[in-house]
Each structure stands twice: as C-alpha cells, then as structure tokens.
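**Q** Single-letter residue listing:
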Amino acid sequence: MMSRFDALKVLFKYTENIPVISSCGNTSREWASLGRRDNHLYMVDTMGLTPSVAIGVSMALEDKGFKKCIAIEGDGGVLMNPNALASAAYLNPKKWLLIVFDNECFASTGGQCSLAGRINIAQVAQGFNLEAIQVEDLDAFEHAVRTSIEKDGPIVIHAKINQENQKNPFINDDPVVLAHKFSQFLTQ
Amino acid sequence: MATFRDLACEEIIKGIEKVNPDYFLSIPCSTVGPVIEHFEKSDKVISFPVSREEDGVGIAAGISLGGKLPIMLIQDTGIGNSILAITTFVQAYHVPMLILVTRRGGFGEINSAVNLFSEPLPRILDDAGVKTFKLDYRLPLKEWSTAITQGAQYARDTHRPIIVMFNIKGGAEQ
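Note that the protein sequences, when read in sequence, are chains A and B.
With the first letter of the first sequence counted as 1, position 22 gets the number 22 in full-length UniProt numbering; the numbers rise by one all the way through.
With the first letter of the second sequence counted as 1, position 138 gets the number 138 in full-length UniProt numbering; the numbers rise by one all the way through.
Do not rely on the hints blindly, as some may be mistaken.
List of simulated lysine to aspartate or glutamate pairs, DMTMM-like, C-alpha gap at most 20 Å [what the hints assert, rightly or not]:
1) A:K64 to B:E173
2) A:K181 to B:D157
3) B:K18 to B:D6
4) A:K64 to A:E16
5) A:K9 to A:D174
6) A:K9 to A:E142
7) B:K14 to B:E40
8) A:K64 to A:D152
9) B:K44 to A:E62
10) A:K94 to B:D22
11) B:K41 to B:E17
12) A:K13 to A:D45
13) B:K44 to A:D63
14) B:K131 to B:E109
To give a feel for the contact side, a few chain B residues facing chain A, derived at Cβ under 7 Å [stated by the list, open to error]:
15) R52
16) D55
17) G58
18) I59
19) A61
20) G62
21) L65
22) G67
23) N81
24) Y93
25) H94
26) G171
27) A172
Part of the chain B face toward chain A, derived, beta carbon under 10 Å [as the list claims (entries may be wrong)]:
28) G33
29) P34
30) P49
31) K68
32) T87
33) T88
34) A92
By construction, these hints were calculated from the structure, which means they are not laboratory data.
Quick reminder that beta carbons are idealized off the backbone N, C-alpha and C, glycines included.
Could you build all of it, start to finish, from the sequences and the hints given here?
**A** If you want it as structure tokens, here you go:
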C-alpha cells in the first residue's frame, strides 16, 4: 500500500497552478515539505473543514481559468464533517476535487483507530451522488489525479494509504500570511 | 397590520440587498422565513441552504478567499455548531465575512432548552473575541439595513468575521 508522502509527491507534480487546500496535522506538514507554493493553503487547525472551504473556493473560481480546487483531507476529517459531501452533492461545484487519504486512523495524534476501518468512504460519497474513485496503489492514484483534473467535478478520490508518517516541522506560520498568499494567488 | 417581525424582515432584506452579495447562505429559520424566501427567488444573488453552520462557515470562507462576497444567515444556536471554524479559521486567517444571526431564547421563546445556549451566547462570543453587534427594539428599525451594510464593510475593513445579531421577536433585552 502506498504512503501518503509518495502520493503527495505525485499530486505535487500536477498542481503547480491549481489551488490546493490541505488539512491540519501531518498532511499539511508533508505537503509543505515538498515545496511551499502560493497556491497552497495549509490549514493549521479546524479538522474536517478543508472540503467545505474548497467548495467555496471552487464556486468563486467558476469563471476563472483554474482547472480545479483540490482539498486534501484524511478519513478522520471527512467523517468529522460529512456535511461537506452533502453540500458538494447539492451545489455541484464543477471544480471541486476532494482527495481523501484513508489510513483508517488518526495518524497525527498517534495512530488511534478512526471509524473508517468499518466504513467505505468512497461508498459514502457515492451515497451522496458524488463520483468517487477508489485507489489503493500509486499508479492508480496518479491516473485518478490526472483524469480528474481534466474533467468536470465534483469528484472524490478515495485513496487507501499505509500509516507511515514523515517527520516534518510543525507549520506555525501566522495564518494571516498563509491566507493572504493563497487569496492573492486566486484573485491576481 | 404589519408586525415587528414583518418590518424587521423587510429591513434585513433591504440591508442585504444594499450589500449586494454574490452568495446568500442560510439555514432555515421560521422567524426570518420571509428573508430566505426572498433570496431564494432572487436572480441577483446565488442563494443556497447549508446542512450545518460549520460547513457553511467553511464554504463562505472559501468564497471570500476566492474574491467573492458571501453573507450567511443562521440562528444563534448555529454559532454553537460553528464557533471553532469561526475562531480558528475565519478569525485566525483574517477572512472577511458577515454572519447574520437571529436570536433564540428570551421573551416569546417557547422551546424549553434553547435558552441554555442562547442566553449565554453573547458572553461566549465576547470571550472568544468575535465582534458582535446586537440589533433589537432599541435601534429604530429604519436603521437596521444601515447596520447590516456597515457590518459588511466593517468585516472587509477589519479583515475578520463580523456577527450582526438581531432579536426580531421584540420585547425586552435578552
């Protein structure tokens, strides 16, 4: 099974000019370690909100040239705020792409089990009438990312990953700076 | 004869239209039903319901970061569902946003539990540092629309969430 870090490296290749919002904890730390870009918004808290924020960004960017707005969230975060799946289904934001890294645990807090061990998140997304692609290896993940960027959403990529974590420094930036860079990138 | 509620809803509609938002997000509320119905029919603003206030705050924040103007209308109980998102995202990241909030609890409230959250809510918001303006019978209704436009401008000028909270049941201070 692939690691989150290997999957993020693949995603990094295809998102130089695509807004990407990453969830708090290890996901944002690993994502930032690949290279900071102004098209990245790193969430430092508010677990589970990333997909919701990406819905709003996707709607605001409908008439702009960006192909997508990508949200990266974990299984724990998605199950903390499944309301975002309902909103995505209802609002049908064509530029919304949610990538769920599912390791069936809360890796950032020590690997405690999440509910995802008994819940198939792709099926949950499909239950909300969302297109969902389930992948378990790096080649399938890369293919899903490449094809999803080129087609209308909303789309959910449900990527099963192992529980490996990279050691990276905390993101303790002033959130105001993080938001300012991201917003300038979106609206310039 | 028009009730206080009817007149208040007219003023709230007028205020929102003066702000001219791109998006109007709401959670159903009987007291401001006419406001929601008005914007559902509007062809000038994109209106949609959200399933939970926390999700709505996230969506509105994304809209704001993307350079468009949202307004969200919720009941005060919804602050309980969204205060983490309001503080650790919208406030921390300096995202301008106007949230209109209808008061529950107080005279005229028939629900036997909601007062336990609605009555202490102003103190909770004060302690959380979320700037809140309160409109009730003490501010002439004709000033309410101006207060809403000023709230939207203040959110932009001070780069943060601003709550404008109104008691449209009339009667004493809650």
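**Q** Now look at each hint and say whether the structure bears it out.
**A** Going down the list of hints, with the structure as the test:
1. A:K64 to B:E173: 47 Å, violated
2. A:K181 to B:D157: 18 Å, holds
3. B:K18 to B:D6: 19 Å, holds
4. A:K64 to A:E16: 16 Å, holds
5. A:K9 to A:D174: Roughly 25 Å separates the two Cα atoms, so the pair is violated.
6. A:K9 to A:E142: Within the cut-off at roughly 10 Å; holds.
7. B:K14 to B:E40: The hint holds at about 15 Å.
8. A:K64 to A:D152: 14 Å, holds
9. B:K44 to A:E62: Satisfied, since the Cα-Cα distance of roughly 17 Å is no more than 20 Å.
10. A:K94 to B:D22: Satisfied, since the Cα-Cα distance of roughly 18 Å is no more than 20 Å.
11. B:K41 to B:E17: 13 Å, holds
12. A:K13 to A:D45: Given that 20 Å is the threshold and the Cα spacing comes to 26 Å, the pair is violated.
13. B:K44 to A:D63: Holds. K44 of chain B to D63 of chain A sits at ~17 Å (cutoff 20 Å).
14. B:K131 to B:E109: It is violated: about 25 Å lies between the C-alpha atoms, which goes past 20 Å.
15. R52: 4 Å, holds
16. D55: 4 Å, holds
17. G58: 3 Å, holds
18. I59: 4 Å, holds
19. A61: 6 Å, holds
20. G62: Given a least distance of 2 Å, the restraint on G62 of chain B holds.
21. L65: At about 5 Å, which falls below the 7 Å cut-off, the nearest Cβ of chain A leaves the hint on L65 of chain B intact, so it holds.
22. G67: 4 Å, holds
23. N81: This interface hint is violated because 10 Å lies over the 7 Å limit.
24. Y93: 4 Å, holds
25. H94: 5 Å, holds
26. G171: Status violated, d = 34 Å.
27. A172: Status violated, d = 35 Å.
28. G33: Nearest chain A Cβ about 20 Å off; hint violated.
29. P34: 23 Å, violated
30. P49: 8 Å, holds
31. K68: 4 Å, holds
32. T87: Constraint on T87 of chain B satisfied, holds at 9 Å.
33. T88: 4 Å, holds
34. A92: Check passed: Cβ of A92 of chain B comes within 4 Å of chain A, closer than 10 Å.
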